[in-house]
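Chains as they are written, first to last, in this note's numbering: chain A, 1 to 165; chain B, 1 to 758.
Because the hints were derived from the structure by calculation, they are not lab data.
All residues carry an ideal CB built from backbone N, CA and C; glycine is no exception.
The reader is advised that the hints may include incorrect statements.
[Stated by the list, open to error] Result set (SDA-like, lysine to any residue): computed pairs, CA atoms no more than 25 Å apart in a straight line:
id: 1; chain 1: B; residue 1: Lys499; chain 2: A; residue 2: Glu95
id: 2; chain 1: B; residue 1: Lys499; chain 2: A; residue 2: Leu3
id: 3; chain 1: B; residue 1: Lys605; chain 2: B; residue 2: Glu323
id: 4; chain 1: B; residue 1: Lys418; chain 2: B; residue 2: Gly401
id: 5; chain 1: B; residue 1: Lys71; chain 2: A; residue 2: Gly56
id: 6; chain 1: B; residue 1: Lys71; chain 2: A; residue 2: Asp20
id: 7; chain 1: B; residue 1: Lys271; chain 2: A; residue 2: Asp19
id: 8; chain 1: B; residue 1: Lys71; chain 2: A; residue 2: Glu95
id: 9; chain 1: B; residue 1: Lys71; chain 2: A; residue 2: Arg161
id: 10; chain 1: B; residue 1: Lys71; chain 2: A; residue 2: Gly45
id: 11; chain 1: B; residue 1: Lys499; chain 2: A; residue 2: Ala85
[To be verified] According to the in silico footprint, chain B covers these stretches of chain A (three or more CB under 8 Å from chain B):
id: 12; region: 3-17
id: 13; region: 132-146
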Amino acid sequence: MSLSVSVTINGAPHAIELDDPRVTLLDLLRERLELTGAKKGCDRGQCGACTVLVGGRRVNSCLTLALSLDGSEVITIEGLASGDALHPVQAAFIEHDGFQCGFCTPGQIMSAVGLIAEGHAGDDPERIRELMSGNLCRCGAYKGITEAVLEVQRAQQTGNRKDAA
Amino acid sequence: MPADLKPAAPVQLRHGSNAGQPQTRRDGLLKVTGRATYAADNHLEGMLYAVTAVSRIARGRVTSLDVDAAKAHAAVVEVLTPENCPRLAHDPDVKMPYFGFRIEVLQNDNVRYVNQPIALVIAETLEAAIEGAALLNPQYAEEPARTGLDNGEHFAAAAVGVGGPPRTAHGDIDRGFAAAKHVTEADYVTPAQYHNAMEPHAVVAQWDGDHLTLDMPNQALVLSCAGYAAYFGIPRENVLIRSPFLGGGFGSKAIINGPQILAIIAARMMKRPVKLALSRSQMYGPVGHRGQTWQKLRIGTDADGRLTALQHSTISATSSFDEFLESASNASLPLYDSPAIVSEHVGVRLDIGTPGPMRAPGEASGSAALEAAIDVAADACGMDPLEFRLKNYAETEPGTGRPFSSKALRECYTKGAKTFGWAARPLKPRQMRDDNGLLVGWGVGTAVFHCPHFPTAARATLRADGTALIETAGADMGQGAWTALAQIGAEALGLDPSKVEISIGVSSLPDGGVAGGSGHTASAGMSLHSAGKDAISQLTDIAVADPESPLFGAGNIGVVARDGRLYRSDDDNRGESYANILARAGRADVVGTAKAMRDPAIAEKHALFSHGAVFAEVKVDPDLGQVRVTRMVGAFAAGRIINPQLVRSQYFGGMIWGISFALLEEAITDKRTGRIMNADFAEYHVPVNADVPSLEAILIPESDPYLPLGVKGVGEIGITGTVGAIANAIWHATGVRARRFPIRIEDLVGGLLSVDVP
């Protein structure tokens with residue numbers, strides 16, 4: 001059985017030879033590539049701390065076998081900022097205190113980035129709360145999280161309107 | 001390892017900034033970029049992975065393990081069982097002083113609860129270690145599990161909480177009840193709850209000779225070093241704990257647990273670093289939880305609605321082999337004025353992991369019952385619940401008569417009620433509906449939390465370039481120690497926080513005490529403040545003795561430190577920068593140090609508490625019994641506020657824990673086996689974003705002249721009050737008094753059907 005897989009992670013191509021077919025994307029990132037931003041909170045898709053984008057879609061990396069990703073493009077929290085410039089969602093999380101301990105934060109932010117890109121929520125806080133509910137935060141930073149997502153969503157809509165005009 | 005955090009990048013900073021200001025988190029940049037390093041993020045050269053195999057029975061012995069099968073699996077290198085596990089230097093069944101618990105470290109084949117570690121598999125890869133643990137196929141000699149009041153052993157408690165008395169009585173309780181016009185009786189059950197910090201307990205252990213380095217989340221760094229040293233028979237100073245970030249703690253990461261010790265044993269045995277992270281389900285046992293309680297309240301009231309007697313009796317569950325009893329009844333001691341109060345506890349032993357302190361230990365469970373029962377008593381008197389609470393407002397501590405060091409609870413009630421719109425509340429239940437026909441109810445609860453203090457030490461170094469480094473082995477589990485402690489240190493040093501570097505989270509720093517009991521900011525802050533003042537004092541000595549300084553001879557007049565300069569206190573035009581003073585003296589720095597502890601006389605002479613009032617609105621589906629909390633307003637008075645933004649976040653977090661306690665959280669035990677049936681995030685429910693309504697936290701100004709820095713605690717009080725407020729709002733919506741937590745649909749539907757809907 002071939003255990004090789006080619007994946008682009010945060011823009012960099014990786015040709016990976018796995019020693020074990022059971023390796024999940026999360027464990028590949030954390031234990032073999034030392035990209036430890038994505039977190040293991042439950043290892044069974046229940047908490048969202050491991051959320052990354054695969055092909056632009058948010059996925060629970062703990063439920064994704066690394067071998068299934070041949071040819072995929074993965075974005076993790078480490079790949080979000082451009083140099084020193086934070087992604088707007090990252091900056092908004094700081095501004096609105098959208099975290100306390102920070103452990104769920106990479107997953108929350110990746111989920112928010114995916115959500116905004118999907119365009120499902122608009123700037124309806126109720127929808128945002130619902131669609132961010134796959135990401136648990138035990139500290140209870142939900143108010144700040146919702147406000148952060150809302151702010152970026154609104155800024156983007158304003159920007160889009162300006163572009164259109 | 002970011003042990004030192006540089007001043008935050010400009011994106012994080014606000015201007016105008018010092019203690020009292022809402023600065024964003026200094027560690028924010030690291031946390032939003034994934035660069036904050038939690039224990040399991042450490043990856044050391046040559047590191048092995050360890051995974052525990054855990055018991056599936058609640059009581060008995062392990063009779064066999066298929067070690068050969070596990071060892072035969074590729075990349076498994078060793079299996080630790082009681083047969084080959086080294087003996088520890090300190091018997092883990094003998095309690096250590098201070099927060100010590102009896103733990104299981106494969107020293108025998110006994111099983112005392114489900115999810116107890118029964119073996120440790122060590123492998124080159126995580127996948128192999130997990131598989132190896134699954135191959136062990138344990139066999140047991142099983143004894144019946146004791147799981148409840150019916151089959152657990154009841155016993156007279158020697159202590160509750162952390163060494164507190166099991167019974168406290170003020171006044172003549174029988175006379176109080178005899179004098180009552182109404183006597184309200186209410187029973188409440190609270191469930192076992194698990195901390196479930198998002199970060200599972202993890203450790204990376206490495207040995208260098210007899211020196212041990214531990215990357216682990218830890219709420220009590222210096223204290224813990226002594227414990228690890230004792231287990232391994234090495235000097236305390238040989239243990240180094242690095243815990244720059246905790247992914248939540250809530251009490252569970254202040255206590256040494258068995259799995260961590262096993263990982264350290266494995267690292268010593270294999271002579272390689274070892275990483276161990278518990279799975280979510282493995283944390284339902286060896287790392288503490290909030291113990292179950294059965295509570296009874298009796299409340300006597302006279303014709304005017306004044307309390308004549310308040311009796312709070314609790315049965316608290318603990319393990320078969322150790323004690324940590326929820327001190328729930330003590331919630332009734334400090335809050336309502338009554339000529340007679342009794343708080344009493346007994347214990348019941350079950351085949352469970354030993355409970356421990358979990359966010360507002362004792363207070364959360366006790367307040368839930370007390371605040372619900374107080375509403376029953378108010379109703380018996382025909383009074384509005386807020387009016388009833390104000391009628392029984394304690395101007396001094398009930399029973400002792402000690403003055404409160406400060407108490408702005410009345411302002412909390414007033415401001416909270418106004419913001420919430422309480423005045424429009426109908427007295428009777430089931431009077432309000434929304435446009436969709438949902439029943440609407442409003443409830444209130446009083447919040448209270450005590451103010452413990454831990455001895456701490458700190459160092460403050462003023463450098464020749466005008467910046468400073470402040471250091472203490474504090475812990476940031478999300479409350480914001482990196483930021484708030486820096487603000488306190490900066491203030492003492494007369495520097496903008498952007499000029500101050502802070503180092504915490506490493507045990508080799510001066511003792512930062514315990515991040516627990518909502519006492520960390522006050523405790524570590526006191527030392528940082530004193531160390532800063534010490535540094536300024538040394539700098540002043542240099543300046544006033546230097547003929548070339550504009551401050552020369554200002555000794556008696558005194559100087560003030562502000563914005564990186566010392567000024568004569570009588571003349572703002574005569575001052576000099578710290579950098580100049582140090583440069584002329586040829587000094588690279590001055591180092592201030594401090595060891596600090598609150599004067600015990602303060603706590604002897606005064607009652608020390610934070611207070612608050614929480615108002616909740618719920619909507620209940622009249623047909624389905626489904627409950628939603630739709631808005632909450634909490635008003636809290638907690639002394640001086642160092643950083644309003646962080647404090648609001650603590651209150652929100654606490655109030656969300658209150659929602660969780662009231663409506664969601666519960667570990668369910670299979671009575672036949674003692675297994676917890678919902679040991680994962682799919683079935684042990686904690687609030688998700690959609691569960692959290694509109695929240696408002698009001699910071700009531702409160703000046704405390706007695707407490708160090710005037711600081712109380714804010715981390716835990718938000719849970720207290722909130723649970724009762726929600727239970728009371730549910731009654732107001734439905735007319736149904738719930739008597740167990742979490743309140744379930746099935747607790748309401750019967751009542752909903754039995755009452756005519758208006």
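Here is how each hint holds up against the structure:
1. A distance of roughly 21 Å separates the Cα atoms of lysine 499/B and glutamate 95/A; the hinted pair therefore holds under the 25 Å criterion.
2. The straight-line distance between the Cα atoms of lysine 499/B and leucine 3/A is roughly 52 Å, outside the 25 Å bound, and the hint therefore fails.
3. Only pairs whose Cα atoms come within 25 Å are accepted, and lysine 605/B paired with glutamate 323/B is rejected, the gap being roughly 30 Å.
4. Straight-line distance between C-alpha atoms of lysine 418/B and glycine 401/B comes to about 30 Å, which puts the hinted pair past the 25 Å bound.
5. Taking the CA atoms of lysine 71/B and glycine 56/A, the gap is near 41 Å; set against the 25 Å cutoff, the hint is violated.
6. This hinted pair checks out: lysine 71/B and aspartate 20/A have alpha carbons roughly 17 Å apart, not beyond 25 Å.
7. Between lysine 271/B and aspartate 19/A the CA atoms are separated by roughly 24 Å; this keeps the pair inside 25 Å, and the hint holds.
8. A C-alpha spacing of about 51 Å is found between lysine 71/B and glutamate 95/A, which places the hinted pair above 25 Å, so the restraint is violated.
9. For the hint linking lysine 71/B to arginine 161/A, the alpha-carbon distance of about 63 Å lies beyond 25 Å, and the restraint is violated.
10. Taken as a hint, the lysine 71/B and glycine 45/A pair is broken in the structure, with Cα atoms around 30 Å apart against an allowance of 25 Å.
11. Taking the CA atoms of lysine 499/B and alanine 85/A, the gap is about 23 Å. The hint holds against a cut of 25 Å.
12. Counting residues of the region 3-17 of chain A whose C-beta lies closer than 8 Å to any C-beta of chain B gives 0; at least three are required, and the coverage claim is violated.
13. With 15 residues having a Cβ less than 8 Å from any Cβ of chain B, the region 132-146 of chain A passes the three-residue criterion, so the hint holds.
Consistency with the previously given hints fails for numbers 2, 3, 4, 5, 8, 9, 10 and 12, ordered from lowest to highest.
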